[in-house]
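Enquirer: Residues per chain, in single letters:
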Amino acid sequence: MLEVRGLKVAYGGINAVKGIDLDVKRGELVTLIGANGAGKTSTLKALTGLHKPISGHIYYNNNEITAQPPFRLVRQGIALVPEGRGVFARLTVEENIAMGAYSRVDREQIAADQDRVYALFPRLAERRRQLAGTLSGGEQQMLAIGRALMSRPQLLLLDEPSMGLAPLMVHKIFETIRAIAAEGVTLLLVEQNARLALEVCHRGYVMESGTITLADSATALLSNPQVRQAYLGE
Amino acid sequence: MNPVATRRALSPRQRWLAYLVIAALLLALPFAVDALLGRAWVRIIDVALLFILLALGLNIVVGYAGLLDLGYIAFFAVGAYSYALLASPQFGIHGSFLLLLPLGALVAGVFGIVLGAPTLRLRGDYLAIVTLGFGEIIRIFLNNLNRPVNITNGPQGITLIDPLQFGGIALNQSYSVGGLTIAPVHGYYFVFLACALLAIIISLRLEDSRIGRAWVAIREDEVAASAMGINTRNIKLLAFAMGATFGGISGGLFASFQGFISPESFTLLDSIMVLCMVVLGGMGNVGGVVLGAILLTALPEALRYVGQLQQAWFGAVYIDPSDLRMLLFGLALVLMMLFRPAGLWPSSTRRREFAIEDEAGDEERANA
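Protein sequence lines, in the order shown, are assigned to chains A and B. Just so we're aligned, residue 0 is where the first sequence starts under numbering that gives the first Met the number 0, counting upward by one. Just so we're aligned, residue 0 is where the second sequence starts under numbering that gives the first Met the number 0, counting upward by one.
Any given hint could turn out to be false.
Claimed, not checked - Okay, the calculated beta carbon distance ranges per label pair:
hint	chain 1	residue 1	chain 2	residue 2	range
1	B	145	A	13	24 to 34 Å
2	A	163	B	144	54 to 64 Å
3	B	15	A	107	27 to 37 Å
4	A	107	B	17	33 to 43 Å
5	B	123	A	218	45 to 55 Å
6	B	158	A	11	44 to 54 Å
7	B	15	A	121	42 to 52 Å
8	A	74	B	120	15 to 25 Å
9	B	17	A	191	54 to 64 Å
10	A	225	B	340	54 to 64 Å
11	A	128	B	16	32 to 42 Å
Bear in mind the hints are in silico, worked out from the structure with no lab data behind them. For every residue, glycine included, the Cβ atom is placed at its ideal position computed from N, Cα and C.
Generate the whole structure from the sequences, applying the supplied hints.
Expert: Here is the structure:
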């Protein structure tokens with residue numbers, strides 16, 4: 000579904016991503032793990048059109064989508080849950096969710112999807128009229144995910160959904176990620192919490208200072224001594 | 000909210016009655032003011048209506064899309080000069096305002112895009128600085144485009160600009176209709192009122208539209224907005240262009256109303272004044288912006304009476320009223336911001352923003 004070849008991303012002369020290859024097949028749950036500053040978020044930014052790569056190619060459903068603007072990609076079914084959640088703080092939960100369906104016009108379907116999001120996150124349903132900025136971190140993350148689902152993505156990109164959340168909340172979020180995947184959405188998950196990510200996903204890529212150093216099935220990575228030492232704290 | 004609730008409580012018949020009463024009041028206003036306060040105040044109302052148009056335009060850029068623009072008066076200037084150059088002896092062209100006002104709006108809109116395109120990646124302070132520069136560039140151009148070829152007549156400005164003309168009725172003359180004297184200020188009042196009402200309706204419709212929601216999203220978080228599938232580039236350019244259009248129309252009307260324009264009418268201070276109207280009135284809320292425009296136009300004029308008051312109270316004029324006027328005006332602005340930080344009549348989201356900040360402040364205080 001997603002093929003990345005030789006992707007290079009730079010910020011004013013500093014190379015953040017130094018030519019990586021990456022594949023995500025339909026229905027798969029893939030994670031990209033690595034330390035702070037390894038280039039994970041830069042990769043996602045290039046994939047979603049938020050930052051133009053300096054070279055390389057990105058294919059989505061066999062079409063080249065390199066450097067297409069984000070709004071086009073959303074229409075093709077790629078949705079991003081941005082780093083740090085990026086909810087519209089001064090809008091209500093309801094308004095945030097509605098904003099997620101901005102690219103769509105089928106009103107009845109939108110209403111149905113809205114109900115699905117609330118079913119997935121009952122907590123959000125309780126707080127419909129509350130301002131997103133007054134939600135807890137975990138609730139904001141739920142909102143960000145729910146909002147992204149409103150565009151009916153085929154491929155959902157999640158940028159560090161566990162960041163800054165209490166362990167209990169992290170587990171809840173990962174449970175929902177599994178539930179979303181079970182509905183047939185393909186997922187690419189960027190995480191620092193390597194153990195959790197590898198436990199949920201089928202395959203994983205390990206990124207280090209702009210390059211992919213390891214690519215394997217999640218179970219293999221979990222038992223890989225290098226990974227265990229560097230990312231699982233053993 | 001309350002206004003909605005009361006609006007719902009009115010039956011259709013009551014609502015029509017309310018509209019009729021408002022319409023009657025608005026129709027009678029210039030004549031009543033003329034009789035009670037004098038013709039100078041009718042002129043002030045006319046100017047206030049022009050400022051409503053301007054402030055509503057800036058409100059699209061600053062209030063809806065959250066793009067701080069300090070050079071907004073440039074679009075007013077572009078509209079005014081577009082009209083003046085094509086309806087004055089300057090080039091000997093005397094176009095119809097029906098053609099020239101839309102043309103001025105179009106030219107201003109193009110300038111809006113010209114300003115918007117290179118500043119797409121800028122926000123906040125940086126955008127403010129660039130727009131400030133843009134406003135000055137336009138003014139300085141108008142000031143210097145009299146050499147080598149005289150286009151704008153430089154600092155002397157353009158004189159003898161054609162008034163608005165409906166068939167054989169030119170608005171710069173007085174007419175008598177059934178014992179009622181319709182002076183130029185009255186005639187212009189109705190034209191400006193119509194334009195201001197139209198601008199209000201357009202603003203309200205925009206607020207509720209898909210575009211309006213996209214502007215709000217961009218204002219709140221641009222990255223998230225683009226992740227929602229909003230074409231942030233075009234939507235931002237649209238905000239600049241639409242805001243500029245309002246300014247352009249207003250400028251054309253201003254030129255025809257005054258009959259004379261020069262670059263001096265379009266300084267940074269004027270940009271700031273319009274911004275004050277938007278911020279003080281209540282950014283993002285049409286009612287608030289209208290209120291801000293009326294108050295900030297009327298207040299400096301009302302303060303002219305300070306000299307007479309001094310005379311009456313102390314028997315002599317101690318402080319030059321024109322000095323005191325700006326001092327008191329500044330003081331009034333500071334007080335308004337202290338007591339109504341979200342504006343006199345804030346939009347619901349602005350109110351919420353301040354509510355969130357208050358809560359955060361309370362928490363900090365509690366933690367300390």
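Enquirer: Please go over all the hints and tell whether each is borne out by the structure.
Expert: Here's how the hints hold up against the structure:
1. At about 50 Å, the beta-carbon gap between residue 145(B) and residue 13(A) misses the expected band of 24 to 34 Å.
2. With their beta carbons about 56 Å apart, residue 163(A) and residue 144(B) fall inside the hinted range of 54 to 64 Å.
3. For the pair residue 15(B) and residue 107(A), the beta carbons lie near 34 Å from each other, so the given range of 27 to 37 Å is met.
4. Between residue 107(A) and residue 17(B) the CB atoms are about 36 Å apart, so this pair conforms to the stated range of 33 to 43 Å.
5. Under the hint 45 to 55 Å, the C-beta atoms of residue 123(B) and residue 218(A), about 48 Å apart, fit the expected range.
6. For residue 158(B) and residue 11(A), the hinted distance range of 44 to 54 Å is satisfied, since their beta carbons lie about 52 Å from each other.
7. The hint said 42 to 52 Å for the Cβ distance between residue 15(B) and residue 121(A), and at roughly 45 Å that hint holds.
8. Between residue 74(A) and residue 120(B) the beta carbon distance is about 23 Å. The supplied range of 15 to 25 Å therefore holds.
9. Between residue 17(B) and residue 191(A) the Cβ separation comes to about 60 Å, which falls inside the hinted range of 54 to 64 Å.
10. Between residue 225(A) and residue 340(B) the CB atoms are about 56 Å apart, so this pair conforms to the stated range of 54 to 64 Å.
11. Remark: the range hint 32 to 42 Å for residue 128(A) to residue 16(B) is upheld by a beta-carbon distance near 34 Å.
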